[in-house]
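**Student:** Chains A and B, in that order, give the protein sequences. With our numbering, the residue at position 131 of the first sequence is 131, and numbering never jumps. Count along the second sequence starting at 1, add 1000, and that's the number in our numbering.
The set of hints was computed from the structure by calculation and includes no laboratory data. Be a bit skeptical, because a hint or two may be false.
Derived DSSO-like pairs (lysine-lysine); straight-line CA-CA distance at most 27 Å [as the list claims (entries may be wrong)]:
1. K1718(B) x K169(A)
2. K1556(B) x K220(A)
3. K183(A) x K1726(B)
4. K1327(B) x K69(A)
5. K1718(B) x K175(A)
6. K112(A) x K1726(B)
7. K1556(B) x K23(A)
8. K169(A) x K1564(B)
9. K1722(B) x K105(A)
10. K64(A) x K1208(B)
A few chain A residues that face chain B, going by a derived Cβ cut-off under 10 Å, partial list only [said to hold, decoys possible]:
11. G10
12. C13
13. D14
14. G48
15. D54
16. E203
17. D207
18. L210
19. S211
This structure is a prediction, so every number in the text was calculated from the model and none was measured. Where is the CB? At the ideal position from N, CA and C, for every residue including glycine.
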Amino acid sequence: MKSSVIIFPGSNCDRDMDVALKKFGFDNQMVWHNDVKIPKSDLIVLPGGFSYGDYLRCGSIAGKSRIIKSVIDFANSGGLVLGICNGFQILTETGLLPGILQQNKYLNFICKNVFIKIKNKENKYFKKIKKEVLELHIAHNEGNYFCSKDELKSIEDNGQIAVTYCDHKGNDDEKNNPNGALKNIAGIFNKDKNILGMMPHPERMIDPFLSGEDGSLFFKNLIESL
Amino acid sequence: MVEVNEKIAIEHGLKSDEYKKICDLLKRTPNITELGIFSAMWNEHCSYKSSRRHLKKLHTKGDQVIQGPGENAGVVDIDDDDAIVFKIESHNHPSFIEPYQGAATGVGGIMRDVFTMGARPIANLNSIHFGSPEHEKTRNLLRGVVKGIGGYGNCMGVPTIAGQTCFDESYNGNILVNAMTLGLVNKNKIFYSKAAGINKPVIYVGSKTGRDGIHGASMASAIFDEKIEEKKPTVQVGDPFTEKLLLEACLELMAGKSIISIQDMGAAGLTSSSIEMASKGDLGIEIDLTKVPCREENMTPYEIMLSESQERMLIVLEEGKENEAKKIFDKWNLDFAVIGKTTNSKNIELFFKNKKVAEIPIDFLAENAPMYDRKWIKTKLPKENKFSKDRFKSLKLNDCLKKVLIDPNIADKEWIWDQYDHTVMGDTIQKPGGNAGVVRVHGTNKAVAAAVDSSATYCHAHPQTGGKQVVCESWRNMISVGAKPIAITNCLNFGNPEKEKNMGEFVECVEGITEASKYLNYPVVSGNVSFYNETKDKGIKPTPSIGGIGLLSNYKEMMTMELKNEGNYLIVIGKTEGHLDQSVFARNILSEFNGPPPEVNLFNEKQNGMSVLNLKNKNLIETCHDVSLGGILTAISKMSIKSGKGVKLFPLEGLVNKFEYFFGEDQGRYIIEIKPENLENVENMLKKDSIHFDKLGLVEGNKIILENDLKLPIDDIKEGYKKWLKEYMVN
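Whole structure, please, built from the sequences with the hints as guidance.
**Tutor:** Structural data, given as structure tokens:
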């Protein structure tokens, strides 16, 4: 399976993602933001970081970058596009995913382990994961998901909510909401479920010596589902 | 152009005899640009004029030292072809004036020092000191500093893995922000600042030069007064995004063979970087200031030379490599300009709009910089307090422990480190809040441990003992995670060196540091000095911050401090005399602020530490935590809180005063957790090495219990310990 990780100036989880993809069997390549074409891929990843310094608004400049047209074309043709953290922000900026990511409710950067509940397994990203609740890691200042009432209705009706923040038992209530995200949303799909954007970093949880291993489940499923 | 005279020189922070010396050396009156250059190079921050003769005494050599003090950062060998580049630096003055930018650029500056040497930064740490929590400015300063540190480090994608936060009223008017960075480099590919060869192109890369930070280094060499707010424009503004690009571009260029030398523009900007490169190479340098990329219009040579705009580097390239280098910086969208060349004149010559605007022999600025033998006085060892039994009569262990755990210097700092990305780069195997931060050496079995320590209270009571103690505490932190201590970097924060008392504190702390680092073979490889931490005559407590690093040859053998299993034994290694003077207990419970700090016995320190490593190497230790502030009971509580597991303490034998035993801050101690089946073996080994130890208790249940004296559910102590800072910041 071939994957491509796009490097924007200011990306800083690109290497971590490369390490994770390779660890679970992807033939990964790095693609520079100023390129026009993306090599043949089964999966494109927009990694975390601070693309273009996140100036203006998180992900907004990356959303207009040279490479992004190819990402959009690839996504529209049904290709798998995964955006983690800043990658999620970029995906909302391009319009590939609905809604926006605002500054965290308590206005602080948050770096810690969180639990997320898988809300929809009818897709390649979570299909074969047996667990309902995963422990992953977040590290962001703007992860407070928000969308209009109509959009929310539409993403709920279409099963587009991918993961929500919860406790270890899966209670995704306000008490377990680290950043103020609407409906505890930690990640969403597009309608066709080939695009996933999420704030938590599975690539930081691929080793028992790191924060944990639930990220491994994510990548294992991904390569098996493709 | 401004006419230079003594008055103007004094406004630049020079003393009148220093100004006279400049005129004598030059055999003429300097012009304003030249005066600016002298003032930048001769101030305390750049010239170390008060500290130089004492710093020479530091223990700086060791088998693993590749580069000691004098370069952008120190370098140590960590086996194979790997080396760690590391340094700690202060950004105190700017952080008090403008906490966010001050702290952010402190972090940016130290990272630049590290990647200038060809190393990719792999971990950040910091030591921050604030005034009393009750002081009106503390909360906002803390918030701003933490945001600044996070804002810069997070964007760079370098994990902040450990740190230290202290509160003391002596910092009410002068907070301390010390930032440390570790970088990883191939030991055969280290870059230095020494220029070599004449007619080599001098290249400017990075951000454009603006008017920010002009005279930052001079500001950092002055005491504060009521007009300090007016100094805001001397604080630099950071742009971590540009620094991230600069990092990647520099490392890309360094992969080739075109760089002769490279130096970041930190304090005193273009002035000190150009002079340092030329001085080390025993060369001259010629710069055309018209070619320097400027952010603002009509900048004068004076402003260009003294700007402390961030994210800039100066590089001496091999001839003919300009285009190759430019391509890389173009790719990363960074400014690149050939601004001059090396010469054999041994002068710095500056041109602006085709006119020579300054010419100074480099020697005058570097080697001939003033050096003072300041007067200093010794601090006497204070008399020990004899606490009568009555003082303890009405005290209960329960209450005392709860109170100690919410002392601002002990309470949990999660509110702070949750704001730092500590897991990016995917190698952080011990997060903030443990004995030390630990990161793996990417792609290998090795890991590097790092921690920052300071103990201003001890240093204040007796600087020499305090200096020794900090080094020992750092060494202990390394051992507590199972790492072999390798080397340290020191950030020496002191008051006004022109005062004999403050100068004495400095001299004696340095003596203490030297003695301990020599004995423990824990050399100092880099650091900086920050004097004049004083506002309106009130100086800070002497605060040397020690950043230590250690090596684990197999990261899977790392030790942590959370308790592991029911039924395991807890043992304290090292003798507990029950020293309460200068302890958290003495201050909080007995309201006693005098007395000597705990004695540091280097022989025991070394023996105890080595015995812990020895036991660890034989796989006999489940958990390890060093005993520091708050003594044994505080250490146990932290171990319990982290794991949710309780401890049943054994009754104390004989006539020991339980408060002294449990809260005394004697040095050289570790608490270790041992499986029952290993107990005998461990006891025998310790006895054989004549190591003093006490059996403390068993891991059991979910309370901390001492028969008849103490019974506290972990959830109870956890709440106060975890909440203090969070509630403080919300209110």
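**Student:** Which numbered hints turn out to be false for this structure?
**Tutor:** none
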